[in-house]
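Peer 1: Sequence lines, in order, name chains U and C.
For the first sequence, this note's numbering puts the final residue at 243, and the numbers step up evenly by one.
For the second sequence, this note's numbering puts the final residue at 1536, and the numbers step up evenly by one.
What the hints contain is simulated information worked out from the structure, not anything from laboratory work.
Mixed in with the good hints there might be a few duds.
As the list claims (entries may be wrong) - Here are the simulated distance ranges between beta carbons:
no., chain 1, residue 1, chain 2, residue 2, range
1, U, L158, C, S1085, 53 to 61 Å
2, C, D1303, U, V32, 45 to 53 Å
3, U, D73, C, H1435, 54 to 62 Å
4, U, K155, C, S1085, 46 to 54 Å
5, U, L158, C, D1303, 32 to 40 Å
6, C, G1445, U, K95, 45 to 53 Å
7, U, T182, C, N1159, 23 to 31 Å
8, U, Q152, C, E1064, 21 to 29 Å
9, C, A1223, U, T66, 26 to 34 Å
10, C, F1381, U, K243, 27 to 35 Å
11, U, L98, C, F1381, 38 to 46 Å
12, U, K212, C, V1385, 30 to 38 Å
13, U, T182, C, E1124, 50 to 58 Å
14, C, E1002, U, K92, 56 to 64 Å
What the hints assert, rightly or not - Under 8 Å between C-beta atoms, here's a sample of chain U residues computed to sit facing chain C:
no., residue
15, I53
16, D54
17, S111
18, A113
19, V116
20, D119
21, K125
What the hints assert, rightly or not - Stretch-level coverage of chain U by chain C, calculated; a stretch enters the list once three of its residues show a Cβ under 8 Å from a Cβ in chain C:
no., region
22, 15 to 21
23, 55 to 68
Glycine residues also receive a C-beta, built at the ideal position from the N, C-alpha and C atoms.
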Amino acid sequence: MIVRPYGDTRDDGVIQFSFTLPIPYSVKATDVGKQFLEKLGFRDVGIAECKAIDPEFTFYVAYGRTDTGIDPDQVKGDYLEVEEMDYYAINKLIKEKLGRKLVVVGAAIESDAHTVGIDAIMNMKGFAGNYGFERYPEMDPLNMGSQVPCEQLLKTALERKADAILVSQIVTQKNIHVQNMTKLIELLEAEGVRERFVLIVGGPRINNAFAKELGYDAGFGPRTTPLEVASYLAQEVIRRNPK
Amino acid sequence: MEQAIELNESMVTRAREAAAAIADDIQRHIDEHTTDTTERATLRLLGITGVNEIDVPLVNVVVEHGRELLPGGIMPPFVDLMMRSSKSAQDVAEGVAKGALALAAVPRERRANVEQRATELAREGVARIDAVRRRRNELVAEVGEPVKPYVYVIVATGNIHEDCAQAKAAARAGADVIAVIRTTAQSLLDYVPYGLTTEGFGGTYATQENFRLMRAGLDEVGAELGRYIRLCNYASGLCMPEIATMGALERLDMMLNDSMYGIIFRNINMQRTFVDQYLSRLINARAGIIINTGEDNYLTTADAFEKGYTVVSSDFINEAFALRANLEPWQIGLGHAFEMNPAKPDQVVYQVADAQLIRQLFPEYPLKYMPPTKYMPGDIFQGHVIDAMFNFTGILTGQEIMLLGMLTEALHTPLLQDRYLSIKNAKYIFEANRHLAGEVTFRPGGIIERRANEVLQRAAEQLEEVRQISLFEALSRGMFADVKRDPDGGRGGEGVFRIGDDYFNPFFAELRAGRMSGAPVGPAPGRTAAKEGGQS
Chain U
1 MIVRPYGDTR DDGVIQFSFT LPIPYSVKAT DVGKQFLEKL GFRDVGIAEC
51 KAIDPEFTFY VAYGRTDTGI DPDQVKGDYL EVEEMDYYAI NKLIKEKLGR
101 KLVVVGAAIE SDAHTVGIDA IMNMKGFAGN YGFERYPEMD PLNMGSQVPC
151 EQLLKTALER KADAILVSQI VTQKNIHVQN MTKLIELLEA EGVRERFVLI
201 VGGPRINNAF AKELGYDAGF GPRTTPLEVA SYLAQEVIRR NPK
Chain C
1001 MEQAIELNES MVTRAREAAA AIADDIQRHI DEHTTDTTER ATLRLLGITG
1051 VNEIDVPLVN VVVEHGRELL PGGIMPPFVD LMMRSSKSAQ DVAEGVAKGA
1101 LALAAVPRER RANVEQRATE LAREGVARID AVRRRRNELV AEVGEPVKPY
1151 VYVIVATGNI HEDCAQAKAA ARAGADVIAV IRTTAQSLLD YVPYGLTTEG
1201 FGGTYATQEN FRLMRAGLDE VGAELGRYIR LCNYASGLCM PEIATMGALE
1251 RLDMMLNDSM YGIIFRNINM QRTFVDQYLS RLINARAGII INTGEDNYLT
1301 TADAFEKGYT VVSSDFINEA FALRANLEPW QIGLGHAFEM NPAKPDQVVY
1351 QVADAQLIRQ LFPEYPLKYM PPTKYMPGDI FQGHVIDAMF NFTGILTGQE
1401 IMLLGMLTEA LHTPLLQDRY LSIKNAKYIF EANRHLAGEV TFRPGGIIER
1451 RANEVLQRAA EQLEEVRQIS LFEALSRGMF ADVKRDPDGG RGGEGVFRIG
1501 DDYFNPFFAE LRAGRMSGAP VGPAPGRTAA KEGGQS
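Excised from the complex, chain C in its bound form (with noise of 0.2 Å):
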């Protein structure tokens, strides 16, 4: 296919062989270590739910009571006891809260039989995710697959009720993706919340009840409209894996999930970070959830113009640490944004260059295009019209999966009615521009090219830089969002275990072994006519 934009290729494959290096030195690291949220993930994808009298998770309960035995890990010590005392994952999990039961470790003469039980149980935890995917699978089928891009809407009224009613208007507009935002800080909990919620604050809680109800209301006016109804989530802080395998047990579609937004924003410690994005993407792949990174976030701290070469370098990061969980190119959602300077003379021009450059860069990919935010008005009339240049420039390029701005953005949390415009003026710029993109290529030694191939150099030469220094030593040193990170500093340091010779978890293996592969394909031509998204 001819290309829009004649791109250094040499460059790409230095950029992409220097993210390959990058990545096999931090996982190398990672497959020597887990982490308390690996082994409470674990212990969900066996089945174990609930929380104690004093509402905290049975799976954190048990973690921590097993605390001294997790260098070998939580499996053999927990399925050791299911067997000697003949009961089920979350009984066992129940008697061990009550003080009825102990975790002990394995006697050599057990440990065989013990290993077979837990990699039978593993293999029954993921037949329950493929379950879910093969659900999904059917419903695209038959309810109807959207016209990409996807129109990607967030809802954060912190009551779920609320969400779902708000969601579903959204839906009927036109959205194609309702992200539920979390409450602010729950990034930071070493636990998940229990059970369903009507209060947080910028946000609802993630939950396992709470995604439960959101999927149901999102099937029911999916249905309603012809569409498969996307939900997406955060599985991001410092309960990566376990928010991982809630959403693969309630069908969720799409997850935040980057391998260094925790440390960069939520000073998270790197270690714990790395471990846990790995089970956490491992989950995701096998329960064909599309993933987004947050590359956009960078260019809320840092220049877009001057640093939008770290969102390609990190593009390039994350599909290679995505890559090494299991996870396909149709799931791999990379990040960037739309976070010029609109005063800037020009500002379309470079914003339609790196956005060129990164869909050319990553073409099989699902690219999550984030709109613009830091130089959003209070005029809201104006604010519209930057989200239109958003909008276009989407399109033009190429786009899969479009995070709306908000007129509002500046002000508050999305009012209805400003969710509604914010749809409609996307819904108009995409139909109105459906064929644009096929149409363009760019000037040789035009501006769009000269900007593209500069910001890839750029990316490419400090990939080089980061694998000579390693990604601990460029996080230290504020290479991505000019933000600085200490490898042993953050939140969650001390849940990081160096694991032992006799680390089991099956988990790793079947979470690999005979994956489903490919997207969710929609009803075949003619077979159901999907309705017209939006009232026009």
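For reference, chain U alone in the conformation it holds in the complex (with noise of 0.2 Å):
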């Protein structure tokens, strides 16, 4: 079935628009703005806002209408698609499937300094009111913290024989990101210890297709919550390692 954005009937197609063009603020700066949305597509545009908001740029809080619509039953991609689980059912998995503790070593990798991230999933606290992966009973977390160089975070995944390594990905300012994301790939496939673990990035600019395409295991963006990836994370490694 089509649909269409919804504003208060069906199929009405309204949209919001909030957007700065690099033109002075002039009498004719609506309809500049109200042209460039009709060049969109849009009809019935109506702008709201036109405002200076420096002698070089106008701001536009705009509204118009789409006939345009989608058939969500078309969309398909490669999605993560993992039974969620709760705390308490993750680590019973564990303990009786796999039999041993699940070793994971995290960190924000080379340039990243900033470890909201990966504090969020592995830190006791957690976030959202989800645990972080030290109160789990049966992980084995270590999380090593940021701008951890990913020669180092090999060596300590091998060393304490990790089943997962879980990387973080913060800043994103001229695609750094991508530079340190395949570094690891490719120093991991140098070492020949690819396999060896499950291998996970999350961060506000990744997405499962996209950390596929780098050669991850899995990608987790915005707003995961440690128990999404402790799920996955469980009946991934137990599936790689059957009893």
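Hints are included, so try docking the two chains, each in its own frame, into the full complex.
Peer 2: Written out as structure tokens, the structure is:
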């Protein structure tokens, strides 16, 4: 079934916009914004606000309607479909099916100085009322913190015989996260140990398809909870280590 | 003046006494040590600048060259070499870099002359800082002083030219302070990069040339707007005193300059940080720079409701170190933050309690209040409302430096329009509640008064415990921000030196001698009509 944006009536196609054009405000600025949205294919464009936010820039708030629709059933992609489990079920699963602690090493790698992501997933406290891995009795996690060189992360993962490596990439300016992520993959492959680990990356600009494209096993985007990652990890590690 | 909350004054006294003892204990350690960046800053204070053919700063080259002599300080052998070669400081540094000149221990017979000459040079160096400070005072008197709270926003494009354009746009929209975020990991570089830069990751390199360009841009827009626009950067990381020197010479007005941030959040060796913060703060004190401390960061790792007291105890410690580095209260921008979970019932009530407590504990200080970051949602509309509550709490409790939150905090570095919307939000709330703080006292025995006194008591108890076990031990137990650090671990420990009996560095005394006092003052009323910030 085709759906369209819903304002206050089915199929009205209403979308709200806010954007800035690099033009000084003038009497015709409203029409510039309106015609720009019309060029994008929107109709019934209404400019709600059109204002100089600087001598060189004009800010717009606008509404428009679209006739374009989409069929959700036709949307296919590389999604991570994981059965989400609760904290107790995950620990029980690891204890019964793996029969030892699940070892995880995590870090914000290379230039990334931000630990907020890796801390949310791994630290005791966790995130959004969800405990982090340190709280799981059946996990043996090590959060190495920020700016960890790939070489050091791999060395630690090998020493601890880790089942999984968790990488966080927060800072993404000029695509530095891609370089960092690729470096780790290349290192693992050069050492011939890529297959030893379930390799996961998380961060605000990460999704599963993108992570898999770079050679990771799974990718998690913003607002991921420790529970989601733990559910995936427990199931995937057990799948790879059948008793 | 009537206080909005009745605080337990004996607890305030206990906290302040414990913090003083903690700082005295560490200060003894500081006074027995120097670091390579302290010695490099000393050379920068003599006016040395530039890099060698492979981009290593000359001050690094000279200090490396004289590494064996560092326990006695770089000044005596360096000044001796200036005298022997009859060359300027810059020429000697270049000569050492080329291998044409060599530092050597100063023989006893030349010692007195060298020390006398070094003292004269230190006076000249300090005079350069004083001239910059006088220029700031003149400009503020001429151009105009903004109404507090200062609206503080960040630019972070990586390209200094883009930064200047964005900073000017922000000032025109109403910003009073522009902070240029540094490129990721600059704090861990053991040197200060040189020259203009147009590439950075998540920020822009702090270099002396970038400081100069941004200063010029802000002076230009300040004159246009009738408000002196302040510039902020980061005297933190492995080069604290060197960045402070550059800031003093290029007329920065604020510096992030915490006594413990680098230890906790950048895993910099704690002995190194304590020694480095001291000279950096002496320089900031002399230069009339307002320091900002980084307690807000604690609440990004620890819970703001449970661990709010660690912010208060760290503020007391930062205050104690700052006073020992000759800073005046108006220069000490102690930090705290609005980081409690918005889902918590009465969140704002507790935030008001904590913010009002800190306001009353540090009455003459220009407190720096940091916006919500940890719980900012992808729903930017809701984010804008949370930022509004932050702005309201700030104006209600008389905060003076408001680092504005951005509705897109959880998403990306601010777009031009994000900054505009954020400033508009703040300006509306500040003006709409301009005199609210003076109208309010909080109910005796109510939630706010109880919370404030409880946080105060826990801070005092924590400080007394830290005093018992020493600050080194407290940091190794993770008593701040839930982060544990080893006293001998961390980066930069190899750059710490125990000083010898012959250590000589006249800057420590000269930076204190005859320092100017007081904040810059705006034009007398009626002399200059300051234009309205922002466009309505």
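Peer 1: Each hint should be assessed against the structure and marked as holding or not.
Peer 2: Hints, one by one, checked against the model:
Taking 53 to 61 Å as the suggested C-beta distance range, the pair L158/U and S1085/C conforms, at roughly 55 Å. A C-beta distance of roughly 48 Å is found between D1303/C and V32/U, which places it inside the suggested range of 45 to 53 Å. As the Cβ distance of D73/U to H1435/C is approximately 59 Å, the hint placing it in 54 to 62 Å holds. In this structure the hint that K155/U and S1085/C lie 46 to 54 Å apart at CB holds, the actual value being about 49 Å.
For L158/U and D1303/C, the hinted distance range of 32 to 40 Å is satisfied, since their beta carbons lie about 35 Å from each other. Judged by the Cβ atoms, the range 45 to 53 Å given for G1445/C and K95/U holds: they are separated by roughly 50 Å. Distance hint for T182/U and N1159/C: a CB-CB separation of about 25 Å, consistent with the stated range 23 to 31 Å. Judged by the Cβ atoms, the range 21 to 29 Å given for Q152/U and E1064/C holds: they are separated by roughly 26 Å.
Checked against the given bound of 26 to 34 Å, the beta carbons of A1223/C and T66/U, roughly 47 Å apart, lie outside it. Distance hint for F1381/C and K243/U: a CB-CB separation of about 50 Å, inconsistent with the stated range 27 to 35 Å. Taken as a hint, the range 38 to 46 Å holds for the pair L98/U and F1381/C, whose Cβ atoms sit roughly 44 Å apart. Our hint of 30 to 38 Å for K212/U and V1385/C holds, since their Cβ atoms are close to 37 Å apart.
The hinted window of 50 to 58 Å between T182/U and E1124/C holds, with their beta carbons roughly 52 Å apart. For E1002/C paired with K92/U, a C-beta distance near 60 Å keeps the hint of 56 to 64 Å intact. With a least beta-carbon distance of about 4 Å to chain C, the hint placing I53/U at the interface is held under the 8 Å criterion. A hinted interface residue such as D54/U counts as satisfied when its beta carbon comes closer than 8 Å to some beta carbon of chain C; here the least separation is about 4 Å, so the hint holds.
The beta carbon of S111/U is positioned within 8 Å of a beta carbon in chain C (closest approach about 5 Å), and the interface hint is therefore held. For A113/U, the suggested interface contact is upheld, since its CB lies about 6 Å from the closest CB of chain C, less than 8 Å. Hint status for V116/U: holds, given a least beta-carbon distance of 6 Å to chain C, under 8 Å. With a cut of 8 Å, the hint placing D119/U at the interface with chain C holds, because the nearest CB-to-CB distance is about 6 Å.
For the restraint placing K125/U at the interface with chain C, the shortest Cβ-Cβ distance is roughly 7 Å, inside the 8 Å limit, so the hint holds. Remark: the region 15 to 21 of chain U is confirmed as covered by chain C, as 3 of its residues place a Cβ nearer than 8 Å to a Cβ of that chain, reaching the required three. Coverage of the region 55 to 68 of chain U by chain C holds. Counting CB-CB distances below 8 Å, 4 residues qualify, and the rule asks for three or more.
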